[in-house]
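Novice: These are the residues of each chain, in order.
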Amino acid sequence: MLDGLRVLDFSDESGFLAGKVLGDLGADVVKVEPPGGDRRGRRAPYLHGEVDPERSLAWLALNTSKRGITLAPASRTGHDLARRLAERADVVLDTTVPGMAGEGPSVDALCEANPRLVACSITPFGRTGPRAHWRAGDLVAVAMGGNLHATGDPDRPPVRCSMPTAFYHAAPEAALGILMALYQREDTGRGQRVDVSLQETQLQSLLSAPGQFALHGRAMTRSGARLGRTREIWAARDGQVSFGLRGGPARVANLVATVEWMAERGQAPDWLRAYDWQSFSHLSVSDEEIARLEEAFGAFFATQTMRELYDEALARRILLAPCNDARELLAHPQLRSREFFVTLDYPELGASIEHPDFFARTADRAISVRRRAPRIGEHNAEIYGELGLGPDDLVKLGAEGAI
Amino acid sequence: MGVFDGLNVLELGSGAAGPVATRYLAEQGARVVRVESAKRPDFLRVLFMTKDSKHGLDGSPMYVLLNPAKESVSLNMAVPEGIGLAKRLVGWADVVCENFSPGVMAKWGLDWEGVKALRPDAILVSGCLFGQTGPQRKYPGFGGQGSAIAGFNHLTGWPDREAHGPYGTITDSLSPRYVAVALVAALLERRRTGRGRHIDLSQIESAVYSLSEMIVRQSANEEVEGRRGNRNERAAPHAVYPCRGDDRWIAIAVEDDAAWPALRGALGDPEWARDPRFDRAEGRLAAEAEIDERIAAFTREHDGLELAERLQAAGVPAGPVQTFGDLLEDPQLAHRGHFVRLRHAHLGELEFERSGLRLSESPGGFAQPGPNLGEHNDEVLGDVLGLSREEIADLAAREVVA
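Line by line, the protein sequences are chains A and B.
Note that the first sequence covers residues 1 to 403 in my numbering.
Note that the second sequence covers residues 1 to 402 in my numbering.
FYI, nobody ran anything at the bench for these hints, they're computed from the structure.
Don't take every hint at face value.
Selected chain B positions facing chain A (Cβ under 7 angstroms, derived; list incomplete) [what the hints assert, rightly or not]:
id : residue
1  : 135
2  : 136
3  : 140
Calculated from the model, a selection of chain A residues having no Cβ within reach of chain B, i.e. all distances over 10 angstroms [as the list claims (entries may be wrong)]:
id : residue
4  : 40
5  : 104
6  : 130
7  : 131
8  : 136
9  : 171
10 : 186
11 : 204
12 : 256
13 : 268
14 : 282
15 : 338
16 : 401
The following label-pair restraints were derived from C-beta to C-beta distances [as the list claims (entries may be wrong)]:
id : chain 1 : residue 1 : chain 2 : residue 2 : range
17 : A       : 342       : B       : 117       : 31 to 39 angstroms
18 : A       : 219       : B       : 306       : 43 to 51 angstroms
19 : B       : 297       : A       : 351       : 55 to 63 angstroms
20 : A       : 189       : B       : 91        : 29 to 37 angstroms
21 : A       : 269       : B       : 107       : 36 to 44 angstroms
All of these numbers come straight from a predicted model, not from anything done at the bench.
C-beta atoms are modelled at their ideal positions from N, C-alpha and C, and glycine is treated no differently.
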């Protein structure tokens with residue numbers, strides 16, 4: 001869908017996924033690494049545990065559909081090359097924290113070289129403002145973005161997701177901002193800056209909770225496996241499932257169906273079989289009653305596997321879901337039937353690896369992984385060749401430390 | 001000037017995932033018209049409703065906050081005339097967004113074939129939980145189920161405790177971004193080719209796509225990712241520490257070896273921290289529990305924000321764990337104009353939220369709160385479809401507009 005658009009991707013890990021989104025949409029994304037490779041981005045864990053930047057699984061996962069070059073944008077020659085590449089590009093993506101100049105490209109200079117350029121920065125707090133120079137990776141971004149305080153068990157500190165959700169929110173939002181700016185360029189002929197804040201993109205994970213707090217003043221407390229008063233996460237025989245013991249019109253049928261199912265298995269006590277779900281409210285029912293209900297449901301769930309519970313939930317239209325891990329997702333019949341995973345071959349690494357293939361499906365598979373992540377400097381000859389540089393020039397630039 | 005001035009968007013569906021996607025477009029000037037009905041109201045309109053709720057379907061803060069600057073037209077889709085009016089609006093729309101269960105749009109003749117017949121260059125985005133195809137496409141879950149199925153619950157919490165997922169329903173905050181990305185990519189493509197598209201987005205798939213690293217690690221190394229609390233497998237210290245006050249905390253993340261001496265200095269260069277084992281990440285990881293205890297003993301005596309300021313000045317990534325109230329007073333968010341205060345007829349002054357992206361040449365924003373149900377019937381049915389006041393009144397009397 002983005003055929004013909006060229007993106008220069010100077011991002012660190014916080015922006016890898018943004019470039020990947022554009023690449024999977026068909027843009028020609030050129031990942032720019034420092035000479036010798038991106039040491040931070042090509043991080044552990046490594047394929048089969050062998051420490052080698054070419055085997056970084058995070059790199060391979062998040063840089064698909066990109067070509068790759070090496071470039072030291074802060075060196076004089078490198079800066080000149082970056083300008084020449086920017087003249088031929090539509091988009092520059094970078095993640096340099098303001099005030100840390102000298103590490104990344106001079107985006108101002110690149111924009112000057114090409115007024116049609118759309119330049120997107122993903123930074124912890126945005127390009128300007130009192131905390132623009134503050135540093136933050138995922139943990140600090142989710143802390144300052146408001147999600148962390150509300151996540152976790154009441155008797156422990158707030159806790160994050162073990163994968164970087166701040167990056168996962170910011171990256172597609174950056175891709176969106178870039179596409180908006182490209183859309184506007186069709187009218188104006190000019191590019192513009194896109195300023196994405198990790199912290200601010202996190203706030204949307206709260207789904208308007210700050211605004212509700214401003215209105216009601218009711219603080220949100222961490223409730224762990226419970227949601228408000230009732231249990232949300234339950235032990236199955238081999239893992240955990242999510243099931244809301246909550247009332248309300250949208251949930252009555254699901255509660256009735258669950259009790260019927262328990263009764264068929266001989267695991268619904270008489271009082272539960274006669275329960276009046278129509279008038280049940282998790283907001284007004286007594287603590288003792290909640291405990292009695294939870295004991296009955298919990299005892300039943302604990303006798304079944306996650307798979308058994310989910311299969312029945314599907315058949316009976318019950319709002320119950322397994323807490324899947326990656327293994328379960330890779331085997332998931334629904335994802336498999338939609339050909340959600342694609343296998344990429346890495347012959348020089350002796351491996352074939354499955355990747356998610358798209359974030360949305362179209363009949364012609366216009367959104368899909370185009371190619372594996374680039375090796376260090378894999379496309380130097382191709383890309384610098386466009387600038388008229390030949391093999392001898394590349395050797396010279398390599399010796400200078402520019403590429 | 002907004003990026004999408006002049007763009008017409010028709011939205012059908014309910015909940016958070018759909019509306020958050022079109023909010024990005026509304027923020028940049030698109031005219032977003034929601035088709036709703038009192039007969040089957042958007043569940044966000046009734047989510048927290050009790051017998052005592054004033055203002056009925058128009059008093060839900062969550063609905064109002066997630067739908068700023070949109071228009072609402074009320075059409076009874078249970079009757080053919082209601083469907084007919086919706087079809088005329090499809091003809092008007094550049095973009096149609098829906099997040100019903102698969103089959104609902106088809107029942108009205110508004111599947112892709114139907115939409116294309118009404119508007120050949122339309123872009124239709126269908127954004128339900130599991131996608132339009134496959135054996136589980138009609139699974140009736142909400143975001144809470146999506147978050148569990150997509151793997152986020154399993155990844156969030158403490159290794160010795162139950163899974164619980166990040167606060168909120170993360171498929172509802174991840175998937176709208178991908179809906180909007182796909183949609184604007186299709187608009188760009190249409191400018192070039194003149195052709196529309198149908199985009200079939202599964203909220204769960206877009207969330208798993210975000211977790212590509214986890215999938216690749218499993219596939220390549222058969223390594224099942226689990227919950228690590230706040231720890232980072234490659235960096236230490238990396239945790240949330242108690243601060244002065246009730247339920248106050250600071251996040252500190254020493255992500256590379258250079259940040260360690262910076263942290264040590266900011267802690268006052270204590271004797272324990274000078275242990276040369278701690279100069280490298282491996283050494284700090286090996287002694288993580290001890291280091292965490294020492295740091296906690298220090299942070300407990302300090303105000304979280306003041307300490308974060310001190311650590312940031314020393315070059316250490318650190319930040320107070322902000323409550324919702326803190327966010328409303330955050331000077332950086334204020335600088336970005338994150339909260340937009342608008343008056344709602346029933347709820348009074350409300351804090352609406354901007355997206356996390358700013359465009360230098362197109363500031364965008366919101367001027368209106370989320371609409372009351374059917375608030376824009378006259379504008380939409382009258383100005384857009386050309387119906388007279390009498391016709392609209394007649395449709396309302398016959399509960400076609402309802």
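Novice: If a hint holds in the structure, say so; if it doesn't, say that too.
Specialist: Verification of the supplied hints:
1. 135: holds, 6 angstroms
2. 136: holds, 4 angstroms
3. 140: holds, 5 angstroms
4. 40: violated, 8 angstroms
5. 104: holds, 16 angstroms
6. 130: Residue 130/A not clear of chain B: closest Cβ-Cβ about 5 angstroms, inside 10 angstroms.
7. 131: violated, 4 angstroms
8. 136: Since the minimum Cβ distance to chain B is about 5 angstroms, residue 136/A lies within 10 angstroms and the statement is violated.
9. 171: violated, 8 angstroms
10. 186: At about 6 angstroms from chain B, residue 186/A fails to clear the 10 angstroms cut-off, so the statement is violated.
11. 204: violated, 5 angstroms
12. 256: holds, 14 angstroms
13. 268: At about 22 angstroms from chain B, residue 268/A clears the 10 angstroms cut-off, so the statement holds.
14. 282: holds, 12 angstroms
15. 338: violated, 5 angstroms
16. 401: holds, 21 angstroms
17. 342/A to 117/B: 31 to 39 angstroms: holds, 33 angstroms
18. 219/A to 306/B: 43 to 51 angstroms: Violated: the Cβ-Cβ distance is about 22 angstroms, outside 43 to 51 angstroms.
19. 297/B to 351/A: 55 to 63 angstroms: Between residue 297/B and residue 351/A, where Cβ atoms are some 46 angstroms apart, the hint is violated.
20. 189/A to 91/B: 29 to 37 angstroms: Holds, at about 31 angstroms.
21. 269/A to 107/B: 36 to 44 angstroms: This hint holds: roughly 40 angstroms between Cβ atoms.
The structure fails hints 4, 6, 7, 8, 9, 10, 11, 15, 18, 19 (numbered hints given earlier, in ascending order).
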